[in-house]
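Listed in order, the protein sequences are those of chains A and B. Per this note's numbering, residue 1 is the first one in the first sequence, and the count goes up by one each step. Per this note's numbering, residue 592 is the first one in the second sequence, and the count goes up by one each step.
Take the hints with a grain of salt, since some may be wrong.
Covered by chain A, per the in silico footprint, the following chain B stretches (three or more residues, Cβ under 8 angstroms) [as the list claims (entries may be wrong)]: (1) 660 to 667; (2) 782 to 794.
Calculated lysine to any residue pairs in the SDA-like style (CA-CA distance at most 25 angstroms, straight line) [to be verified]: (3) B/K662 / A/G252; (4) A/K521 / A/Y22; (5) A/K119 / B/L777; (6) B/K807 / A/L239; (7) A/K369 / A/M442; (8) B/K662 / B/P674; (9) B/K779 / A/I197; (10) A/K119 / B/G774; (11) B/K807 / A/P250; (12) B/K807 / A/A243; (13) A/K119 / A/F545; (14) B/K662 / B/L677.
If you are wondering where the hints come from, they were derived from the structure by calculation, not from laboratory data. Just so you know, these numbers come straight off a predicted model, no measurement behind them. Glycine included, C-beta positions come from ideal geometry on N, C-alpha and C.
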Amino acid sequence: MSSPARDVHATSEAPNSFVRRYIFSSDHKVVGLQYFFLALTAVTIGILLSLLMRFHLVWPAAHLPFVAGGIMEPEQYLALVTMHGTLMVFFVLTVAPQSAFGNYFLPIQIGAPDMAFPKLNMLSFWLTFTAFLCMIAAFCVRGGAPISGWTAYPPLTGLGEITGPGEGPGQTLWIVSILIFCFASLLGSVNFIATVIDMRAPGMTMMRMPLTVWAWLVTAILTLLAFSVLLAGGILLLLDRSAGTSFFLPAGLVVNGELQSRSGGSPLLWQHLFWFFGHPEVYIAILPGMGAISHILANFSRKPVFGYRVMAATLCAIGFLGFLIWGHHMFVSGMNPYSGLAFSLLTLSIGVPSAVKTFNWLGTLWGGKIQFHSPMLFAIGFVSFFVTGGLSGIFLAQPALDATLHATYYVVGHFHLVMGVASIFGIFAATYYWFPKMFGRMMNETLAKLHFWLTFAGAYCIFMPMHFVGIAGGIRRYADWTGANYLAALQPLHRFMTVAAFITAAAQIIFFCNLFRSLAKGARAPANPWNATTLEWITTSPPPFDNFGGRYPRVYRGPYEYSVPGASQDFLPQNLSAEEIARDKDSQDAG
Amino acid sequence: MPDSRLTQLAELNGAGGAGNGGASSGNGHGGNGPFDGGLIPQRTYVTGMMVALGAIAMFFVALASASIVRKGLAADWQPFELPRILWLNTLLLVASSVTLAHARRRFLAQQFEEFRHWWRVTAILGVFFLVGQVIAWWRLASSGVFLSTSPDSSFFYVFTVAHGLHLLGGTAGLLAVVRSSPGPMLRKTATEVVALYWHCMTALWLGVFLFLVATK
Chain A
1 MSSPARDVHA TSEAPNSFVR RYIFSSDHKV VGLQYFFLAL TAVTIGILLS LLMRFHLVWP
61 AAHLPFVAGG IMEPEQYLAL VTMHGTLMVF FVLTVAPQSA FGNYFLPIQI GAPDMAFPKL
121 NMLSFWLTFT AFLCMIAAFC VRGGAPISGW TAYPPLTGLG EITGPGEGPG QTLWIVSILI
181 FCFASLLGSV NFIATVIDMR APGMTMMRMP LTVWAWLVTA ILTLLAFSVL LAGGILLLLD
241 RSAGTSFFLP AGLVVNGELQ SRSGGSPLLW QHLFWFFGHP EVYIAILPGM GAISHILANF
301 SRKPVFGYRV MAATLCAIGF LGFLIWGHHM FVSGMNPYSG LAFSLLTLSI GVPSAVKTFN
361 WLGTLWGGKI QFHSPMLFAI GFVSFFVTGG LSGIFLAQPA LDATLHATYY VVGHFHLVMG
421 VASIFGIFAA TYYWFPKMFG RMMNETLAKL HFWLTFAGAY CIFMPMHFVG IAGGIRRYAD
481 WTGANYLAAL QPLHRFMTVA AFITAAAQII FFCNLFRSLA KGARAPANPW NATTLEWITT
541 SPPPFDNFGG RYPRVYRGPY EYSVPGASQD FLPQNLSAEE IARDKDSQDA G
Chain B
592 MPDSRLTQLA ELNGAGGAGN GGASSGNGHG GNGPFDGGLI PQRTYVTGMM VALGAIAMFF
652 VALASASIVR KGLAADWQPF ELPRILWLNT LLLVASSVTL AHARRRFLAQ QFEEFRHWWR
712 VTAILGVFFL VGQVIAWWRL ASSGVFLSTS PDSSFFYVFT VAHGLHLLGG TAGLLAVVRS
772 SPGPMLRKTA TEVVALYWHC MTALWLGVFL FLVATK
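Bound conformation, chain B alone (with noise of 0.2 angstroms):
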């Protein structure tokens, strides 16, 4: 398995790095590499994350053009009412984004006890927003509007559903931080990576909202 090679690798090159590497051995090998320390650099995860935010964006972005070409184009657009519930799930991510930050803090500060405790408030507040925004639709659903009942409609539940699912994700991310053993990547590491989608998650969801709210 080659997470267990790059920590073997460490054991082989970080330990005795300085001594046989270097540019003073001169002989083209050795330590100091970027795998000492037993792991994948653990900043490759953040970058990793990033990059992968920006495909995330990008799909957001290319559905948001689709939707003002498609509302510009045609003069089928019926706009209907948003469902109130929205703004209510809309202050919960906002504040799972805050009692995330906040355990972050107190994780830094190695209050570990405290870092599950607001985690865990941040998974809770995750998954409300989801119930939510399930109740959201089905809102809208027995009120008539469905999937394929307008162009207006049918970008919402993309959007919608699009964000739910990511924000899926991003709770599952949450659960396994505080259940799982470590792994390659270090705890610390694996809660800024969390940390960072969730974040970008929530403001993600403003975004849609305040578009979704725009195109009415």
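Next comes chain A alone, as it looks inside the complex (with noise of 0.2 angstroms):
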């Protein structure tokens, strides 16, 4: 049989510049090389200040050289705890896996020759790194970065300076940060949205589309719907803190002994509009990594998606209950009781689309022919995050138990595991499966080994005692626990989950040292290492500027035609067509 990727050859016509052709570049594929390095920038400095947090959790006395004054202040932690969240939720969790990932694979899968606006690409990305600049800047002003946690809740985020360190330019430029982002979100989620509507192969039909390409497409819908909404919850936020008006800021309100000049505000209808695009946000972060995992699964199974129009009707099923059930966030604001019951019934039933993909992702999986490359391990790892982190949340669903879980670390550890390791790990394993594609070299399946096991075995270690200190009363967002007896009592765990910290943040060296010797030294990869059946395969490993070459494919099949029966290969690619088969089979026959 002839090899799939036949009849591509590189005609590229690329911009000759430099600039042109890797900084202000309109090429799909290196604005989504651009996203992914600033995610792993945004990343790094993320883990640099969680380290920071655990190393003061355990010796909150320690001197720290880079701190002024030498000891860490209570605020100085809760500045960490802001910009740690806000640094991995907006520019690693969506930047990665939707825009960096999906801006590289989106067009390619479906047979494109680029997004369908590609100058809006570009812009996208260069508004997502100003707007990243302009969150770095908030450690460099005077008062230092926002202490308002990354959900930014007013009062506090309304008043300037008065309401502690940060509050004053620190946090003025995280709300400018964020209205840029969500503006090049949105900008994205339009490309996307349209790229897959209208630029598909002949032959692509939704029903044909890989489950990474669902799995972008819900999401950029998600986008869409929930930073608009974002957007304007934070031009009313910058307006309350530099315009005087009162949306979010209520009357009566004596912050340091003055009384606030303002009148009748509400600090929760922020938090109404905070969540309902915070909630959204989450599946943001975990659909493309519940897209990439399931093509990998039955990549790496040789086996079809167990049932395939399922596993995409959940996506789309998560997506929109993902929109009715921001209140769980907010159980202990006072709500009405009636209305913290709809919201749990609507989050438990989120358990149904989940609990059918984790059976679907096992069905894949199940009498499979497995092999377990690195991008496979990363790959399971996400399902045994997912269940982990997911069933916590069941617990935490319910308006009883959250009363008493909310302020605490169970909150914590859940969150961590379900949306942050296991996205994360969506994030290894599409870097791991794709980095042949992306730079044309394979990386080391040794090293990759090494630091999944590491990773894996890490991230339970930091983050299932967090449930234990939760449930124990760990209260969340305080800065020492040394001051009283029943928090002190578990700081042996604290220990434990700082030493955890430090050994899985240093195994992310070994995944760097791979990503970079491998762009340098690694082995020339073919054009389809992983005998996969999407389009990104058919064409050379790095693909040319027009994706295919000039010869645009036109798809027969469905994208995870493996192990057929009667076929010649166990990996049927899309565009192969049935003439094709009859006569490879014939000619097999007659060899």
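Combine the two chains into a complex, taking the hints into account.
Structure follows, in structure tokens:
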């Protein structure tokens, strides 16, 4: 059988100047890589901030050389919490799975030469980059970074410097950065949706799209509907800070002994607007990972995805339900108990499509000829973390339990496992899987597996004990636990988590070494190293400037035709026609 | 540049597409792709605009629900007299949609001189509307109603400024269609996209204005 990548040769007409080609490029692949490296930068900073936090929790009196005054103040700890959360949620979990991998692979997987609006795509990236610089600048201004958490609840955030260090220019920069980020994300989502609707190759029906494309499409729709609401809310918050309005600031507010001259606003209004964005944001972070690991599990089980249509439908169902359950972040805000009940039931109902997905992943693995390559390990790790983190969500979805657990480490453990680590494992799986296509070289498999096992065990060691700490009453966001006896009793667990965090962070050095070493010295990657079926694998590694060297594919079959009975090889690429299969079979029989 | 890339693609693919493409060639590659004819499929621009309008609608729905919640929560809502010029502005904007529809019909009938005339009239009406909005803000300010005066005035300014910025973009789009040379987007598509946006901004203004009147 001839290689599926036959007839494909580079006839690219890439721009010649370095700046147009690699910096202000509108090529979706370059934009995707720019997003990828932006996310790598952000995740590095985010991890360093979390290590500082973990260190401070265990040794609160230690002298730190780069902290003004030597010993970290509680406000500085809160600034770390805020910036860690913001960088990770916006600039890692939103940027990497959707903007980076989506930009790079969505057009190729549907057989298109680029995104629908390439220049808009370039603008999205540079706006996101501007937002990132703006966010980082918050460290450098008077008062430092904001202390209000990634949720920026008013009245703390609405009044300026009087509410604490970091609430001056730092908080303003934070809001401006988020507004720019919202705008960039909206432009990006318009591009994604239009591309999927109108740029598919002939034969690429919706039901032949890889599940990755389904996931990016649903995520783009969530982005479109959620970030526009955050944009509106963010503008109102900025006006409260800078123009003296009272959208979110109540009357009679006394801060540091001073009566504030605002009237009648509602901090809860911000919470509603924020969480109407914030909950779908959780799915924006994880749905692309679900798509990627469905793709990878099928590839390395050499089996079709179990229940493809159901998998696409549950992506849509999770996306839809995600807009109805924001209230579960506000159970303790004093909401009407009947509202709490409604939000609780709707939240529990998310368990249904989530469980269906999990069973289908297991169904895909069941009876497969499983190949434990590194992307597969990370994909299975994703399923593990998604289940572990998701189960604690069922507890938190009940208002009575949430009332006890809401302000504790139980919640920290829950969302880190399900939204943080699971999504990150999706990103790792995608990186190991698509690295050969993106850079034309293979990554080192031994280092990759070492990285997997250390990270897998390490992440459980960091986040599982948080559940116990939370049940024991360990309050989150406290900078120093040594003052209260019942909290001090939990310090051994904290020490364990801190040590685990440092080891897990060190394991990421293996990943970075592998990544950068493979970029320069990895073995040359063939067009289709994983014997996969989808269109990104019929072109060269890396793909030419126009993705398919001027010969655009026509699609004849679904995305996951592995181990088809009677076929001469165990995978049928999407662009393989029935005549070609028959011809191959004839020539084999003749041979 | 990707735009030229798409054009080159079609030259490669479109002209000979029928010959080397199609299921019968059986090589899994070839023409009859969505990129024949030299450009991104023109409907993509319309699709993109419709999706973007969805985001804009969501933005204003968020503001409207915030306004409703804010009004229901507190007793500091101080109604003020809406400037009467808003009614005139509304008329101007509705008129601009009528002239725009007329201009589009002239374009489709290939009467390009007439098209340019009515298209410019639309842009001028749009500018008049914006000037009218500025006069409305100035009148309010001179009677002591500012952004931070009351929640009522806050939402008034937020709504009208947000809509005004969107309409400013629409006016720039109108001018771009009659001025610029055709890019990857055909002029026919450009008129369709801009007209779609403009009509929606008129509808949005009617919605915003009704809402402001109703929440007095």
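Outcome of the hint check:
no. : hint            : in the structure
1   : 660 to 667      : holds (count 6)
2   : 782 to 794      : violated (count 0)
3   : B/K662 / A/G252 : holds (18 angstroms)
4   : A/K521 / A/Y22  : holds (21 angstroms)
5   : A/K119 / B/L777 : holds (17 angstroms)
6   : B/K807 / A/L239 : holds (22 angstroms)
7   : A/K369 / A/M442 : holds (22 angstroms)
8   : B/K662 / B/P674 : holds (21 angstroms)
9   : B/K779 / A/I197 : holds (21 angstroms)
10  : A/K119 / B/G774 : holds (13 angstroms)
11  : B/K807 / A/P250 : holds (21 angstroms)
12  : B/K807 / A/A243 : holds (22 angstroms)
13  : A/K119 / A/F545 : holds (15 angstroms)
14  : B/K662 / B/L677 : holds (22 angstroms)
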